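Here the sequence shown is numbered in my numbering, starting from 414 and rising by one per residue.
Everything labelled a hint here was simulated from the structure, so no lab data went into it. Errors might be hidden in some of the hints.
[Unchecked claim] PhoX-like, lysine-lysine: derived pairs with alpha carbons at most 25 Å apart:
1) Lys518 / Lys449
2) Lys576 / Lys628
3) Lys697 / Lys707
4) Lys623 / Lys600
5) Lys524 / Lys469
6) Lys607 / Lys557
7) Lys600 / Lys537
8) Lys557 / Lys473
9) Lys651 / Lys603
10) Lys657 / Lys576
11) Lys651 / Lys628
12) Lys518 / Lys603
13) Lys549 / Lys524
14) Lys600 / Lys549
15) Lys600 / Lys430
16) Lys518 / Lys537
17) Lys603 / Lys576
18) Lys657 / Lys557
19) Lys509 / Lys524
20) Lys549 / Lys576
21) Lys449 / Lys549
22) Lys469 / Lys557
23) Lys633 / Lys607
24) Lys651 / Lys623
25) Lys701 / Lys679
26) Lys557 / Lys518
27) Lys449 / Lys509
28) Lys524 / Lys600
29) Lys537 / Lys603
30) Lys469 / Lys549
31) Lys652 / Lys607
32) Lys628 / Lys603
[Said to hold, decoys possible] For each label pair, taking beta carbons as the anchor points, the in silico distance ranges come out as:
33) Ser461 / Asp496: 13 to 21 Å
34) Glu630 / Ala650: 19 to 27 Å
35) Glu558 / Asp429: 39 to 47 Å
36) Gly500 / Asn424: 49 to 57 Å
37) Lys658 / Phe723: 36 to 44 Å
38) Ala650 / Glu494: 26 to 34 Å
39) Asn424 / Glu558: 48 to 56 Å
40) Leu517 / Lys421: 37 to 45 Å
All figures in this text were calculated on a predicted structure; none of them were measured in a lab. Backbone N, C-alpha and C fix where the C-beta goes; we use that ideal spot for every residue, glycine too.
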Amino acid sequence: MATDGDTKNHNKYRRDKPWDVEGIDHWDSEKYNEWKPEMMPGSLLEESSFATLFPKYREKYLRQVWPLVTRALNAVNVACELDLIEGSMTVRTTRKTSDPYIILKARDLLKLLARSLPFQQAVKILQDDMHCDIIKIGGMVGNKERFVRRRQRLLGPDGATLKALELLTECYVMVQGNTVACMGSVKGLKNARKVVEDCMRNVHPVYNIKILMIKRELAKDPELAGENWGRFLPTFAKKTVARKKPKVVSTKRAYTPFPPQQLESKVDQQVESGEYFLNEQQRKQRVKAERMAKAQGVARERRQAREIAFVPLEDRPQDEAASTGEDGRGGGGGGCGKNAKKAVKFSDGGRAVDDGPSAFELAEAIKSRGTPAKAAKAEGRKRNAADAANEKGDDEKGTKPGKSKKKARHAYMPPDI
414 MATDGDTKNH NKYRRDKPWD VEGIDHWDSE KYNEWKPEMM PGSLLEESSF
464 ATLFPKYREK YLRQVWPLVT RALNAVNVAC ELDLIEGSMT VRTTRKTSDP
514 YIILKARDLL KLLARSLPFQ QAVKILQDDM HCDIIKIGGM VGNKERFVRR
564 RQRLLGPDGA TLKALELLTE CYVMVQGNTV ACMGSVKGLK NARKVVEDCM
614 RNVHPVYNIK ILMIKRELAK DPELAGENWG RFLPTFAKKT VARKKPKVVS
664 TKRAYTPFPP QQLESKVDQQ VESGEYFLNE QQRKQRVKAE RMAKAQGVAR
714 ERRQAREIAF VPLEDRPQDE AASTGEDGRG GGGGGCGKNA KKAVKFSDGG
764 RAVDDGPSAF ELAEAIKSRG TPAKAAKAEG RKRNAADAAN EKGDDEKGTK
814 PGKSKKKARH AYMPPDI
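The whole structure should be built from the sequences, with the hints applied where relevant.
Quick look at the structure:
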């Protein structure tokens with residue numbers, strides 16, 4: 414156990430790496446592009462094999478290109494097998510295999526073929542400077558509709574966003590189902606994975622594409638090679654949109670261990686009302702009687718509402734008189750309703766004289782003659798008939814029509830209400 418005076422040495426188990434110096438470029442793979450057989454004179458002691466399943470819709474294409482796959486793997490001394498019954502592809506090393514890493518390249522070839530990459534593109538993975546990365550995006554978004562929208566956002570309109578991503582990262586990108594397959598250099602694969610994962614986390618690919626474009630322009634300037642590029646890169650503020658509050662806020666009920674009371678069924682309600690013990694005819698008669706009683710009550714209320722206009726104001730109940738007003742039309746305020754107009758004149762002695770009839774008389778006139786327009790038409794017909802009768806009487810007496818006594822037309826015309 415270490416004492417207070419002892420200091421912990423974090424570099425105790427760290428050893429110097431003479432092969433890892435600052436002059437080595439880890440991204441440069443030109444010196445390792447070609448594998449020579451004399452690098453490993455003996456054969457492998459154990460056989461290594463890998464198997465990969467493929468979906469049903471890829472079976473037809475794999476059967477067509479499998480001779481090409483076999484020819485490409487035989488060139489690097491790797492055996493392959495296609496099992497259509499189990500739906501799997503297998504690769505294994507042979508006694509002639511001299512490259513120990515080529516079996517991993519062959520495994521990646523099978524994975525790319527299973528993820529819908531064409532053979533002409535997938536076979537490039539056998540090159541030493543080519544790498545691949547299969548990004549699983551199926552479990553990054555819980556909602557199915559939201560997942561489809563974000564995956565389509567990665568493709569862009571007519572594949573424009575995906576094409577821009579391929580040009581900036583110098584990688585081949587294939588979006589298929591729940592995975593995104595990428596092929597290219599290690600540095601390009603790292604950038605492509607970041608863009609894909611950010612897109613699934615609701616960060617639009619345009620922001621990352623803009624940053625990659627700026628970095629590519631900065632890399633062309635040798636003076637900025639050893640400087641920090643943070644001041645040149647844009648920073649995008651995250652927008653937080655407030656969620657809409659629900660109109661009806663539900664209050665949490667107090668907890669009770671007892672269950673709610675069970676509602677009565679239709680049979681229980683019929684037993685309680687006695688309808689359950691009636692036959693079909695009695696039940697119909699009961700429904701008919703209830704319907705007639707309800708109709709009679711409605712008719713009684715409507716008849717009372719119509720007759721209230723013909724009841725004098727002093728004989729009406731206090732609440733109805735205040736609500737309907739003097740003219741019975743709902744004006745209130747002692748007959749000064751909206752449509753009730755009362756013409757009052759004052760003589761020299763200061764006595765009020767009423768020019769027109771009362772509201773009750775108007776109601777009686779409307780009831781007997783209908784609306785004011787109809788009443789005016791009827792009055793006009795009566796006057797025309799009276800004039801015709803007078804002219805006929807004058808002709809019989811021998812008087813001139815021009816000197817016939819004109820009747821005064823001072824019949825009362827009800828105002829337009």
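Do the hints match the structure? See the list:
For the suggested pair lysine 518 and lysine 449, the alpha carbons sit about 16 Å apart, so the restraint of at most 25 Å is met. Distance hint between lysine 576 and lysine 628 is fulfilled; the C-alpha atoms sit about 18 Å from each other, no more than 25 Å. Restraint check for lysine 697 and lysine 707: satisfied, since their Cα atoms lie roughly 15 Å apart, inside the 25 Å limit. Taking the CA atoms of lysine 623 and lysine 600, the gap is near 17 Å; set against the 25 Å cutoff, the hint holds.
A threshold of 25 Å between alpha carbons decides the hint, and for lysine 524 with lysine 469 the separation of about 15 Å falls inside it, so the pair holds. A distance of roughly 22 Å separates the Cα atoms of lysine 607 and lysine 557; the hinted pair therefore holds under the 25 Å criterion. As the CA atoms of lysine 600 and lysine 537 are separated by approximately 17 Å, the hinted pair is consistent with the 25 Å bound. Pair hint lysine 557 plus lysine 473 does not hold up; C-alpha atoms about 29 Å apart against a cutoff of 25 Å.
At most 25 Å may separate the alpha-carbon atoms for a hinted pair to count; lysine 651 and lysine 603 meet this at roughly 23 Å. For a cut-off of 25 Å, the pair hint linking lysine 657 to lysine 576 is broken: about 37 Å separates their Cα positions. Among the hinted pairs, lysine 651 with lysine 628 is consistent with the structure: their alpha-carbon atoms are about 22 Å apart, no more than 25 Å. For a cut-off of 25 Å, the pair hint linking lysine 518 to lysine 603 stands: about 19 Å separates their Cα positions.
The suggested pairing of lysine 549 with lysine 524 holds, with an alpha-carbon distance near 13 Å, which does not exceed 25 Å. Using a Cα cut-off of 25 Å, the hinted pair lysine 600 and lysine 549 holds, with the two alpha carbons roughly 19 Å apart. Distance restraint check for lysine 600 and lysine 430: the Cα-Cα separation of roughly 23 Å lies within the 25 Å cut-off, and the hinted pair is therefore satisfied. At roughly 10 Å between alpha-carbon atoms, lysine 518 and lysine 537 fall within 25 Å of each other, so this suggested pair holds.
A C-alpha spacing of about 17 Å is found between lysine 603 and lysine 576, which places the hinted pair at or below 25 Å, so the restraint holds. Only pairs whose Cα atoms come within 25 Å are accepted, and lysine 657 paired with lysine 557 is accepted, the gap being roughly 23 Å. Of the supplied pair hints, the one linking lysine 509 and lysine 524 holds, its CA atoms being roughly 24 Å apart against a limit of 25 Å. Among the hinted pairs, lysine 549 with lysine 576 is consistent with the structure: their alpha-carbon atoms are about 20 Å apart, no more than 25 Å.
Annotation: proposed proximity of lysine 449 to lysine 549 is violated, straight-line Cα distance about 35 Å (limit 25 Å). Distance hint between lysine 469 and lysine 557 is fulfilled; the C-alpha atoms sit about 23 Å from each other, no more than 25 Å. Distance hint between lysine 633 and lysine 607 is fulfilled; the C-alpha atoms sit about 22 Å from each other, no more than 25 Å. As the CA atoms of lysine 651 and lysine 623 are separated by approximately 16 Å, the hinted pair is consistent with the 25 Å bound.
The hinted pair formed by lysine 701 and lysine 679 meets the criterion: a straight-line CA distance of about 20 Å does not exceed 25 Å. A hinted pair counts as satisfied when its Cα atoms are at most 25 Å apart, and lysine 557 with lysine 518 does not qualify at roughly 34 Å. Proposed proximity of lysine 449 and lysine 509 is supported: the alpha carbons are some 13 Å apart, at most 25 Å. Note on lysine 524 and lysine 600: the hinted pairing holds, with a Cα-Cα distance of about 21 Å set against a maximum of 25 Å.
Annotation: proposed proximity of lysine 537 to lysine 603 holds, straight-line Cα distance about 19 Å (limit 25 Å). For the hint linking lysine 469 to lysine 549, the alpha-carbon distance of about 19 Å falls within 25 Å, and the restraint holds. Between lysine 652 and lysine 607 the CA atoms are separated by roughly 20 Å; this keeps the pair inside 25 Å, and the hint holds. Under the criterion of a C-alpha separation no larger than 25 Å, the hint pairing lysine 628 with lysine 603 is consistent with the structure, at around 14 Å.
Checked against the given bound of 13 to 21 Å, the beta carbons of serine 461 and aspartate 496, roughly 18 Å apart, stay inside it. Checking the proposed 19 to 27 Å range against glutamate 630 and alanine 650 shows it holds: the Cβ atoms sit about 23 Å from each other. A beta carbon spacing of about 56 Å between glutamate 558 and aspartate 429 contradicts the range 39 to 47 Å that was offered as a hint. Range check, glycine 500 to asparagine 424: Cβ separation about 52 Å, and the 49 to 57 Å hint holds.
Judged by the Cβ atoms, the range 36 to 44 Å given for lysine 658 and phenylalanine 723 is violated: they are separated by roughly 56 Å. Between alanine 650 and glutamate 494 the CB atoms are about 55 Å apart, so this pair departs from the stated range of 26 to 34 Å. Range check, asparagine 424 to glutamate 558: Cβ separation about 53 Å, and the 48 to 56 Å hint holds. For leucine 517 paired with lysine 421, a C-beta distance near 39 Å keeps the hint of 37 to 45 Å intact.
In summary, the numbered hints that this structure violates are 8, 10, 21, 26, 35, 37 and 38.
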